[in-house]
Amino acid sequence: MTGVRSLENRHAKEALLAGSDEQGGQPEGDEALLEECRRGSVAAFERLYELHGARMKSIARNLLGQESDAEDAVQEAFLKVYRGAASFRGSAALSTWIYRILVNTCYDILRRRRRRSEDALDTTPGAEAAALPARAADHRLRLAIEQGVARLRPRHRDVFLLSAVEGFSHREISEVLDIPEGTSRTLLFEAKRRLQSFLGDAAADTVEGRA
Amino acid sequence: MKGPCDRAAEAFRRDDPPAIDRLRVHAASCLECAPRLALWDAITSEAPSLRKEWESPALFPRIAAALEAERVRAPETRRAAPETVRSKRFSWVPVAAAAALFVLATIGLQVFRNSGGREPLVNAAGTSNPLLTDRSLDEVESAEANYVRSIDRLSALARPRIENPTTALFVSYREKLLLLDSAISEIRTQIDGNRFNSHLRRELLAMYQEKQRTLQQLMKEAQS
Chain D
0 MTGVRSLENR HAKEALLAGS DEQGGQPEGD EALLEECRRG SVAAFERLYE
50 LHGARMKSIA RNLLGQESDA EDAVQEAFLK VYRGAASFRG SAALSTWIYR
100 ILVNTCYDIL RRRRRRSEDA LDTTPGAEAA ALPARAADHR LRLAIEQGVA
150 RLRPRHRDVF LLSAVEGFSH REISEVLDIP EGTSRTLLFE AKRRLQSFLG
200 DAAADTVEGR A
Chain S
0 MKGPCDRAAE AFRRDDPPAI DRLRVHAASC LECAPRLALW DAITSEAPSL
50 RKEWESPALF PRIAAALEAE RVRAPETRRA APETVRSKRF SWVPVAAAAA
100 LFVLATIGLQ VFRNSGGREP LVNAAGTSNP LLTDRSLDEV ESAEANYVRS
150 IDRLSALARP RIENPTTALF VSYREKLLLL DSAISEIRTQ IDGNRFNSHL
200 RRELLAMYQE KQRTLQQLMK EAQS
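Heads up: the protein sequence lines correspond to chains D and S, in order.
0 is the number of the first residue of the first sequence in numbering that gives the first Met the number 0; add one for each residue after it.
0 is the number of the first residue of the second sequence in numbering that gives the first Met the number 0; add one for each residue after it.
These are calculated hints, taken from the structure and not from any lab test.
Mixed in with the good hints there might be a few duds.
What the hints assert, rightly or not - Straight-line Cα separation of at most 16 Å, EDC-like style, residue types lysine to aspartate or glutamate; simulated pairs:
{"no.": "1", "chain 1": "S", "residue 1": "K175", "chain 2": "S", "residue 2": "D191"}
{"no.": "2", "chain 1": "S", "residue 1": "K51", "chain 2": "D", "residue 2": "D68"}
{"no.": "3", "chain 1": "D", "residue 1": "K79", "chain 2": "S", "residue 2": "E69"}
Construct the entire structure; sequences and hints are all you get.
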């Protein structure tokens, strides 16, 4: 277990680069890893965590707004991967399947949260994200973008987070969200266009300030 | 008089490097496009900073423990079930079996009489087995793939209208299609975990049928 965290970022980058070049189906290593996961090998899950854990946490944190919820979502997603590995056929890459499970787990958590109505006035992830951590406040543009993202519609926000923030290709996003690639492109374009108008003067000032 | 310059929007929509490069050249001499491009670049370059990173050394040990618990629980549940229900089960199994046999015989006789003995007694298509077999699953998945491909072709035809809605009606069609895509995505994830469940397959089919209907309505509206 030692060193898991230290390897997270490097492996996440490796996975990202490998994923960008895949043309569907299972890369060689993934097939063996999947087989090990089917057998319930903790080492295989540890490898999966090394490869995707950091990115999974980031996606979940941006969707759910809280680190503790994000960690719960990642844990739940891993359990679902374990339960579903036996019946996973591999029509999508293992990695995109995992991210799809994660995103849907986040949706489930959001639904449960809404049902519980614990945050009656503050239920959307956007609203939570708007209550930004203090460390973000030192960067005006990032703050403005983060607030803008919080106001996006869920589908626009999801595509923006996966593409612009996490670096997924449109093909990968189409598999994770099960939408056509063209729709992913359109949603990203609209998300950025809406962000431009949300940001308005604040971002323009920052850009001018940089120039 | 020249209208507003829309080259920036066009390049952003395409979202490919050559288009953005051409826009960059154009923006050098266009007062409208230059600030748009600057803001676009700022969003694009700043977005990765929204990535969240924090130390969570306890997370994987927690996951490993949960996986281990799940691994232990699954066989235990399977093992425990027969012991806990054995006594009760054996008391009602013969009675239930006899009752089931009687009901089946009665229904069978009735069906046979109504059909005059000429029609098949059971319509294979009408059976509602909730679980699919391997072979039927392959057939279902193959048919599903063809159906999805044809809907994708329809989507491609409707794309200009969806991407550039000119009226509120088209905007609402687009929203509905996004919702349907989202629902389809969820059901597909459930199916990934339970491929043999025919109820989920039926739900998925219903969603695709609704998507097809919506696309057809949209195309019809576009032509009228």
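Is the Cα-Cα distance between K79/D and E69/S 16 Å or less? 10 Å, holds
Given pair status - D191/S, K175/S, alpha carbons within 16 Å: 24 Å, violated
Keeping to a limit of 16 Å between CA atoms, is the pair of K51/S and D68/D held or broken? 13 Å, holds
The structure is inconsistent with hint 1 alone, although it conforms to all the rest.
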